[in-house]
Amino acid sequence: MDEKKEKKDVLQGTLALMVLKTLDVLGPMHGYRIARRIEQISGALLAVNQGTLYPLLLKLEQEGSITSEWGASENNRKARFYRLTRQGRKQLQAEKREWDETTAIIARFFAVRAEDLK
Amino acid sequence: MKKLRRFVSRLTSWARTDRDEDRLRAEIEGHIALQADDNIRAGLSPEEARRQALLKFGAVEAIKEDYRDQRGLPFLEALLHDTRYALRRLRKSPAFTVTVIFTLALGIGATTSIFTLVQAVLMKSLPVANPDELYRVGKDARCCYWGGYSQENEFSIFSYDLYEQFRDHTQGFMELAAFQAGGTLFGVRRSGIAEAAQGYPGEFVSGNYFTMFGISAYAGRLLTAKDDQANSPPVAVMSYRLWQQRYGSDTSIIGAVFSLDNKPYTVVGITPPGFYGDKLRAIPPDFFLPLATAPLT
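Going down the list, the protein sequences come from chains A and B.
Per the numbering used here, the first sequence runs over residues 1 to 118.
Per the numbering used here, the second sequence runs over residues 1 to 297.
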């Protein structure tokens, strides 16, 4: 249970980052397009469960990183459009920095070869 | 900050459950329709397009559940439901309910009163300077009253002569004070005021009694060794309780002359509020008088 939850948290964390980045790059869009976009770029992450995006969108909205309002999609269907807030932009920058640091550390860790430590 | 904001948002969203449910339903509906549109464009039949869209979206009910967990405060909601359920069940079996409430009330009440007693008697320190340096001379629990006197139980009460002997010849104590065994009910009247005498408990104590306890007067002064001499003018110390309740904290009491069993005593001071004498008594003494003024009968 715990392990499963932890894994889900990590996944949700990266997913959140992807959502924020997508909204940052492409501007306001509805849930389906966010899902498609993430699917295009990340492939496997949302391939099966696009629906998992919605609880995450709600969480981000509750945290004040994004806001949403009803609108019409390209082919005139009712859809809820999400937009990055100023706070969301700040959060994105902070999380990107953290992410860069983490990946840099991990990369350095993997780069070390046995002979380097002698 | 983010957490707080999220909490507030969840708390408020608790109140608009239905609207949120509608929103989610509409959003999912829209998402699946858009996906189905794309699928049709890719060449699928409308039924197959919708089926594929649903499949790709994932388990709708599970996601709705997840969404609900995120939205409100499921813990609070569950608590509320459980409470309602419990109350309903209790209402259905009144006999059981009454028994339970009665048992709980009795248990809590008994525990509280016992703890109050233990707290007062055992745990709270005595209202004196150094309670841990205080010793009572004697080895029996029976003490300080005439009933404690018997030939078999040694050290229960002492003669004044023996006390003097101990006081003057025992090293190792800073003070050795004495007080009367039992108490006396005095007929008390304030001199110069025409009123019927009233009965108040009093106690004869040695001059160093208050010095030994290390307490100081609330007002005026307390007894000293000098007051406890045969030819000293008779003085008395009044309890805070009597001073406050009978005389309304009147400062003119200090210096006033009171007649106790027809013997005039000048009240020189008031004890501090928390001090009720040397032993636990239902009626604590209201007057502390020097032993030297005790009648010899």
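Certain hints may be false.
[To be verified] Straight-line C-alpha distance at most 27 Å; calculated DSS-like pairs for lysine-lysine:
(1) B:Lys3 - A:Lys90
(2) B:Lys2 - A:Lys90
(3) B:Lys279 - B:Lys263
(4) A:Lys21 - B:Lys279
(5) A:Lys59 - B:Lys263
(6) A:Lys90 - A:Lys21
(7) B:Lys263 - A:Lys21
(8) A:Lys90 - A:Lys59
(9) B:Lys139 - A:Lys21
(10) B:Lys56 - A:Lys21
(11) A:Lys96 - A:Lys59
(12) B:Lys139 - B:Lys3
(13) B:Lys226 - A:Lys59
(14) B:Lys2 - A:Lys96
(15) A:Lys59 - B:Lys64
(16) A:Lys59 - A:Lys21
(17) A:Lys21 - A:Lys96
(18) B:Lys2 - A:Lys78
(19) A:Lys78 - B:Lys263
(20) B:Lys139 - B:Lys226
(21) A:Lys59 - B:Lys3
(22) A:Lys59 - A:Lys78
(23) B:Lys3 - A:Lys96
(24) B:Lys263 - B:Lys226
(25) B:Lys64 - B:Lys2
(26) A:Lys21 - A:Lys78
(27) B:Lys3 - B:Lys64
In short, the hints are calculated from the structure, not lab data.
Against the structure, the hints come out as follows:
At most 27 Å may separate the alpha-carbon atoms for a hinted pair to count; Lys3 (chain B) and Lys90 (chain A) meet this at roughly 16 Å. A hinted pair counts as satisfied when its Cα atoms are at most 27 Å apart, and Lys2 (chain B) with Lys90 (chain A) qualifies at roughly 13 Å. For the proposed pair Lys279 (chain B) and Lys263 (chain B), the alpha carbon gap of about 26 Å is at most 27 Å, so the pair holds. Using a Cα cut-off of 27 Å, the hinted pair Lys21 (chain A) and Lys279 (chain B) is violated, with the two alpha carbons roughly 78 Å apart.
Straight-line distance between C-alpha atoms of Lys59 (chain A) and Lys263 (chain B) comes to about 86 Å, which puts the hinted pair past the 27 Å bound. With a C-alpha separation of about 11 Å, the suggested pair Lys90 (chain A) and Lys21 (chain A) falls inside the 27 Å cut-off, and the hint holds. A hinted pair counts as satisfied when its Cα atoms are at most 27 Å apart, and Lys263 (chain B) with Lys21 (chain A) does not qualify at roughly 98 Å. With a C-alpha separation of about 17 Å, the suggested pairing of Lys90 (chain A) with Lys59 (chain A) holds against the 27 Å cut-off.
Of the supplied pair hints, the one linking Lys139 (chain B) and Lys21 (chain A) is violated, its CA atoms being roughly 84 Å apart against a limit of 27 Å. For the hint pairing Lys56 (chain B) with Lys21 (chain A), the CA-to-CA distance comes to about 23 Å; that is within 27 Å, so the pair holds. For the hint linking Lys96 (chain A) to Lys59 (chain A), the alpha-carbon distance of about 19 Å falls within 27 Å, and the restraint holds. Distance check on the hinted pair: Lys139 (chain B) and Lys3 (chain B) sit about 65 Å apart at the alpha-carbon level, beyond 27 Å; violated.
Under the criterion of a C-alpha separation no larger than 27 Å, the hint pairing Lys226 (chain B) with Lys59 (chain A) is inconsistent with the structure, at around 82 Å. A threshold of 27 Å between alpha carbons decides the hint, and for Lys2 (chain B) with Lys96 (chain A) the separation of about 17 Å falls inside it, so the pair holds. Distance restraint check for Lys59 (chain A) and Lys64 (chain B): the Cα-Cα separation of roughly 13 Å lies within the 27 Å cut-off, and the hinted pair is therefore satisfied. A hinted pair counts as satisfied when its Cα atoms are at most 27 Å apart, and Lys59 (chain A) with Lys21 (chain A) qualifies at roughly 16 Å.
Between Lys21 (chain A) and Lys96 (chain A) the alpha-carbon distance is near 9 Å, which keeps this suggested pair within the 27 Å criterion. Taken as a hint, the Lys2 (chain B) and Lys78 (chain A) pair is broken in the structure, with Cα atoms around 30 Å apart against an allowance of 27 Å. The hinted pair formed by Lys78 (chain A) and Lys263 (chain B) fails the criterion: a straight-line CA distance of about 103 Å is larger than 27 Å. Distance check on the hinted pair: Lys139 (chain B) and Lys226 (chain B) sit about 31 Å apart at the alpha-carbon level, beyond 27 Å; violated.
Between Lys59 (chain A) and Lys3 (chain B) the CA atoms are separated by roughly 11 Å; this keeps the pair inside 27 Å, and the hint holds. Pair hint Lys59 (chain A) plus Lys78 (chain A) holds up; C-alpha atoms about 22 Å apart against a cutoff of 27 Å. Straight-line distance between C-alpha atoms of Lys3 (chain B) and Lys96 (chain A) comes to about 20 Å, which keeps the hinted pair within the 27 Å bound. Between Lys263 (chain B) and Lys226 (chain B), the direct Cα distance comes to roughly 19 Å. Compliance with the 27 Å bound is thereby established for this hinted pair.
For the suggested pair Lys64 (chain B) and Lys2 (chain B), the alpha carbons sit about 24 Å apart, so the restraint of at most 27 Å is met. The hinted pair formed by Lys21 (chain A) and Lys78 (chain A) meets the criterion: a straight-line CA distance of about 24 Å does not exceed 27 Å. For a cut-off of 27 Å, the pair hint linking Lys3 (chain B) to Lys64 (chain B) stands: about 22 Å separates their Cα positions.
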